[in-house]
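Residue numbers (this note's numbering), protein chains in the order written: chain A, 3 to 307; chain B, 3 to 307; chain C, 3 to 307; chain D, 3 to 307; chain E, 3 to 307.
It should be emphasised that the hints constitute simulated quantities derived from the structure, not laboratory data.
In this text, all values refer to a predicted model and were calculated from it rather than measured experimentally.
Warning: the hint list may mix true and false statements.
Each pair may be met inside one copy or between any two copies, as identical chains are not told apart.
Calculated pairs, DSSO-like style, for lysine-lysine (alpha carbon to alpha carbon, straight line, at most 30 Å) [said to hold, decoys possible]:
{"no.": "1", "residue 1": "Lys-290", "residue 2": "Lys-181"}
{"no.": "2", "residue 1": "Lys-259", "residue 2": "Lys-221"}
{"no.": "3", "residue 1": "Lys-221", "residue 2": "Lys-258"}
{"no.": "4", "residue 1": "Lys-208", "residue 2": "Lys-181"}
This is what each chain is made of:
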Amino acid sequence: MTDRVREILSWYNSENPGVLTNLARILNHGRLGGTGRMVILPVDQGFEHGPARSFAPNPAGYDPRYHFQLAIEAGLNAHAAPLGSLQAGAVEFAGQIPLILKVNNHDLLLEERDPLPAHTASVADALRLGCVGIGFSIYPGTAARRLLYEQLRELAREAKAAGLLVVVWSYPRGRGLTKEGETALDVVAYAAQIAAQLGAHLIKVKLPSAHLELEEAVKVYEQYQIPRDALADRVRHVVQSAFDGRRIVIFSGGGKKDDQALLDQIRAIRDGGGFGSIIGRNVFQREKSEALRLLDQIIQIYAEG
Amino acid sequence: MTDRVREILSWYNSENPGVLTNLARILNHGRLGGTGRMVILPVDQGFEHGPARSFAPNPAGYDPRYHFQLAIEAGLNAHAAPLGSLQAGAVEFAGQIPLILKVNNHDLLLEERDPLPAHTASVADALRLGCVGIGFSIYPGTAARRLLYEQLRELAREAKAAGLLVVVWSYPRGRGLTKEGETALDVVAYAAQIAAQLGAHLIKVKLPSAHLELEEAVKVYEQYQIPRDALADRVRHVVQSAFDGRRIVIFSGGGKKDDQALLDQIRAIRDGGGFGSIIGRNVFQREKSEALRLLDQIIQIYAEG
Amino acid sequence: MTDRVREILSWYNSENPGVLTNLARILNHGRLGGTGRMVILPVDQGFEHGPARSFAPNPAGYDPRYHFQLAIEAGLNAHAAPLGSLQAGAVEFAGQIPLILKVNNHDLLLEERDPLPAHTASVADALRLGCVGIGFSIYPGTAARRLLYEQLRELAREAKAAGLLVVVWSYPRGRGLTKEGETALDVVAYAAQIAAQLGAHLIKVKLPSAHLELEEAVKVYEQYQIPRDALADRVRHVVQSAFDGRRIVIFSGGGKKDDQALLDQIRAIRDGGGFGSIIGRNVFQREKSEALRLLDQIIQIYAEG
Amino acid sequence: MTDRVREILSWYNSENPGVLTNLARILNHGRLGGTGRMVILPVDQGFEHGPARSFAPNPAGYDPRYHFQLAIEAGLNAHAAPLGSLQAGAVEFAGQIPLILKVNNHDLLLEERDPLPAHTASVADALRLGCVGIGFSIYPGTAARRLLYEQLRELAREAKAAGLLVVVWSYPRGRGLTKEGETALDVVAYAAQIAAQLGAHLIKVKLPSAHLELEEAVKVYEQYQIPRDALADRVRHVVQSAFDGRRIVIFSGGGKKDDQALLDQIRAIRDGGGFGSIIGRNVFQREKSEALRLLDQIIQIYAEG
Amino acid sequence: MTDRVREILSWYNSENPGVLTNLARILNHGRLGGTGRMVILPVDQGFEHGPARSFAPNPAGYDPRYHFQLAIEAGLNAHAAPLGSLQAGAVEFAGQIPLILKVNNHDLLLEERDPLPAHTASVADALRLGCVGIGFSIYPGTAARRLLYEQLRELAREAKAAGLLVVVWSYPRGRGLTKEGETALDVVAYAAQIAAQLGAHLIKVKLPSAHLELEEAVKVYEQYQIPRDALADRVRHVVQSAFDGRRIVIFSGGGKKDDQALLDQIRAIRDGGGFGSIIGRNVFQREKSEALRLLDQIIQIYAEG
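Working from the sequences, and respecting the hints, build out all of it.
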């Protein structure tokens, strides 16, 4: 148990020992174990974007077990997926990688201005599958965000009582925001704050742009000259917005991109005090050996930090 | 136990001893303990307005523990905040300051004409965190106010059975009112009455302006010449509107303002028979030593009353 | 918040902030507040021994409110009593003294070799009355001890979820023990251990004699030369037996006795590292001014320690 | 509302207004209304002793409506009976006399050393029948007393939440006591204390004899010279044993007896500070005009007090 | 994941992935991780034998945290203890050693011919504390064994649904057996079979002697010449009796003994195909450096196997 992990656990001292145990499991697993940094492989795109869009670039990914193997071989901290995917590999890979059950999911067969995920799995499922936690998406800015917050309230209560972690994907969307606003610095920072206030243990947000969306916020960012030109500065601001860095904030990689751009982002996350990456398409949509090489580079960057 | 506290407790004699115990705890805590006056530090702006708008002016406030410390050092009566914030400090400061868990919250990522907060925490959370009560916002004047009143009915029943105080933020808004009307004297007095009727123990309203909003009310205020030029008179009328002064009404400070203006408001609250202030941005958005100096002045004004 | 109180709270770090808050309330209340020592006034003798045996020596005690007043005036840490007694004073003295609801009780109208208390009040009652915790008696050594342990398991679970302390009166009795054995050093130490294993926050035991009861234990005490001639040494051993001093163990005074003998016992409790006294008959069975004088002496002894 | 009734209600200030309302209904009803004294007609002998033993002396009593009429015409405070009896008259006499539903009952078709009543009606029945409270018998001293106390705990919780009074018949019996001991002064006083501790609002006990039953108690009664030669002194001691007179204790008349003896008992109850009588066989086993005459005399005695 | 662990997991293929995950956690933890062998440190003797008998030989053990540290430093597979002990260390050592919550316990303050443990903790406690499983004792041969089997049925159902392991201490005792019979080969083998049939994942038995207890069994053992002279043969027979070696059977060390004798037993367990040791008094009753040296020798023996 490193001092850094011990320090991180101390931020969660209102939680029971079961929650702390599962938090320690994630923080101590894989090649980044003990560093306080983490890389998680999330694969919910089959549900969220459809199978071909997700897996045609690397058809091995049609089989959910591929993602377990990838996460294990790469030495990641955890693998997150919906119910069906986890059920497909949980026996074969039992005990080899911490699992996070994504308990709500959204598909694209009906385009809506204010999307609302369905609640597709339970805390009991997470226990039955041997998971360390549940994952839940909220969409601040959408018309039905209140329903999501209230579902999360009940699921978090139940999960924590059973010693499970609560990982919140906080993705602003909906009629309240422009497309550019979804990743605006002020909006992403706000999304991190909302997740923290709702009791999330791990908070997953998108990497913020330098754009500012909310009129009242623009004044403040300018008055106090909050740095936002460099990505590392924006990461730092988002981490600060989640209880001054006392909640684990991790960043998603977004759509597939150029390796160098991606690695630069990782360096910025590290330099800005981010806790790591939750990175899906950029790794599972390429051939395995390439994916492992890329993940190796990512892990090395975090390990240096 | 002072005579004044004993008198205030007697107004709540239909409540069980648990509620009276927690009411006594707030009334007897801090530098105003025993006077029947109170100053409470509420910090829900991270959720309600976003993190940068709330904490950039004094970045220490990004850490929820800062607000516990501020309330304790200033000798305030209580600290109120959402779930995440209280969880972040409840162990470290256990037993040092009465806590109020704000169980519904609203964010600004979707502007709505009739805002509706989400129900984000439970009575069980309040007990688990060692709180003396729950806080709940109602928005009289909005389309969905009935849902809020009905949520409050159930939460208040549950909270009181467990001996917890029910603190109601009663903020008129929505399509039924002009912007000026939200703080009109008749509207604020009406909001205080509604909260009292819904069973609130402590009622938080905004300071009323001399404006009158409702046509039928205007006639009455003029016919009976209800004084409303001086703020103290307006405070007196609002307090009278909450069961002739037999419910604790406290006033929020609103946005950050000039010290002298703020202290004049405090004197008016005191002179009008208000029970105190629930004051957030005016204190946590300035550097700590300045905040402590200002709170010291506020407390001295109330202590004289 | 003193360092000592902070240290004691740290021993209970698997509990939620509500439990820690109520533990802090007891530890910080009264004249011993902050020292880590405590004196509690328990009055369940009306139920346990009958009214005249309990209150005839000082008839003021027939009124349950007398005991609230006595505990408050003496500056004690808490008052413990059955449901009816607490209901009789909880409104009048709301917020003036931490209360512990004794939720099981035994009377003497039927003498049994293996006595079994009745479960007479609930966790909901404790919340409704504004208590900081529940009190529960177990009788290790009796035929029905298992029922008591299992009732305690469920009550403790419910109480802790609501942030309440669990105080266990651990009194060995029954067919398994000789009369002398009930206060034998090995038996009292065993009783403290059992209460600690069942999850008690505060453990109340009788002062142990130098007698040893259990054959197998005798060998060990002699082989390892565990000191037991001085009362302070016996107290030290009992405290050690409750997780090496990391659970609060307090000692009951037993039947009324000579002041000097009683004060010598208090000194021995203090010198042996005991956390304080739960002292009933020796104080409520004498006239109030005398009781206050005696309690003052007791508190001074503990305050020196 | 007389000062005396106001005073009595003040003793129950931890109860909700519904309970106080029903307590006020009994205290203000009938010819003794407002005096703080009460006479209640209980008729559960049909169940407890069998119909002929109960009603053959005055066959009008076979019809439950007779007892409603008798209590109403005599101007009593309340009528208490089992489910069937109340159902037989509750419509016809709705609103004319406060009703107490006796919710447990015992019959004599199986003689047992440790009798245990059956739980025969519910709080819901009491509400449905318009009762002011429930009545419940406990038998301290019997082997199964714990079951009775625990049933009472749950019924009292439920009844009080619904604003109903809890009237406890506290009758020591069973293998723990001699026949003479069942009405011994120390035992009756102990029974009153137990009922008070279990949360009873009205306590019904038998008139105590001068006998003392419990060895340890004898010493105390003699040492403190507790007067017990005169019945009034014994009544005074029993009333004192129920929270120093702050719980309503009423006395049952026992088997049918000579009028003069009965009236002397009433005077003793009055002079000893008892709150009244619950008197059945002595009135319903005689012809109605005689019964009314006797009740008139009893009421006059209490009215003088 | 070694082939051996994979093979062991395959024996439990009717269990859900959560159970397999926790089984893998134990099998992969510590210095024997991956070998299919295990050494577990159980410390329930404070409850089962009393504190001094357990901890006086090495007083560091009075503090439950000592045993966590010992198990971690020695590189053991798991630590098993009652509720209070686990609560005392679960936060400090979160994530450092798999924990088994012993959910029933028995004390020696009442000697009974047919002992019956009390059910002292729940599956919810095990989840809250972050345990990998629950431990439960059954006493085949005692009068109340059916109650134990039926409690186990329900607890096992609940535990497995939550992904927890079920570890059964199967200790024949009671009026059905002679003292010698408690460890007779036929009886121990029978106890292992019963535990396996009740659904245990891990079975803990005592080391068997060559004695045969049951008349009908003696005939069979002799007819089929089941080898029982060497301890390794007896171990082999017990393991065979638990589904032909397809359930994990581990052996307890019993009271403190000579090192050489102990290590010979370990070799016999290994050679007989036993899965490991659950060894308490022999290690925690000696000074820590000695305990670590002995555990190192034990682990080396198993690692060779």
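Right, here's what the structure says about each hint:
For the identical chains of this complex, Lys-290 and Lys-181 are neighbours neither inside a copy (33 Å) nor across copies (39 Å), given an alpha-carbon limit of 30 Å. When the C-alpha separation of Lys-259 and Lys-221 is checked against a cutoff of 30 Å, the pair qualifies only between copies, where the shortest distance is 17 Å, while the shortest distance within a copy is 33 Å. For the homomeric pair Lys-221 and Lys-258, the shortest alpha-carbon distance between copies (15 Å) is at most 30 Å, but the shortest distance inside one copy (34 Å) is not. Within a single copy, Lys-208 and Lys-181 get their C-alpha atoms as close as 13 Å, which meets the 30 Å cut-off; across copies the closest is 35 Å, which misses it.
Comparing the model with each earlier hint shows a violation of hint 1 alone; every other hint is respected.
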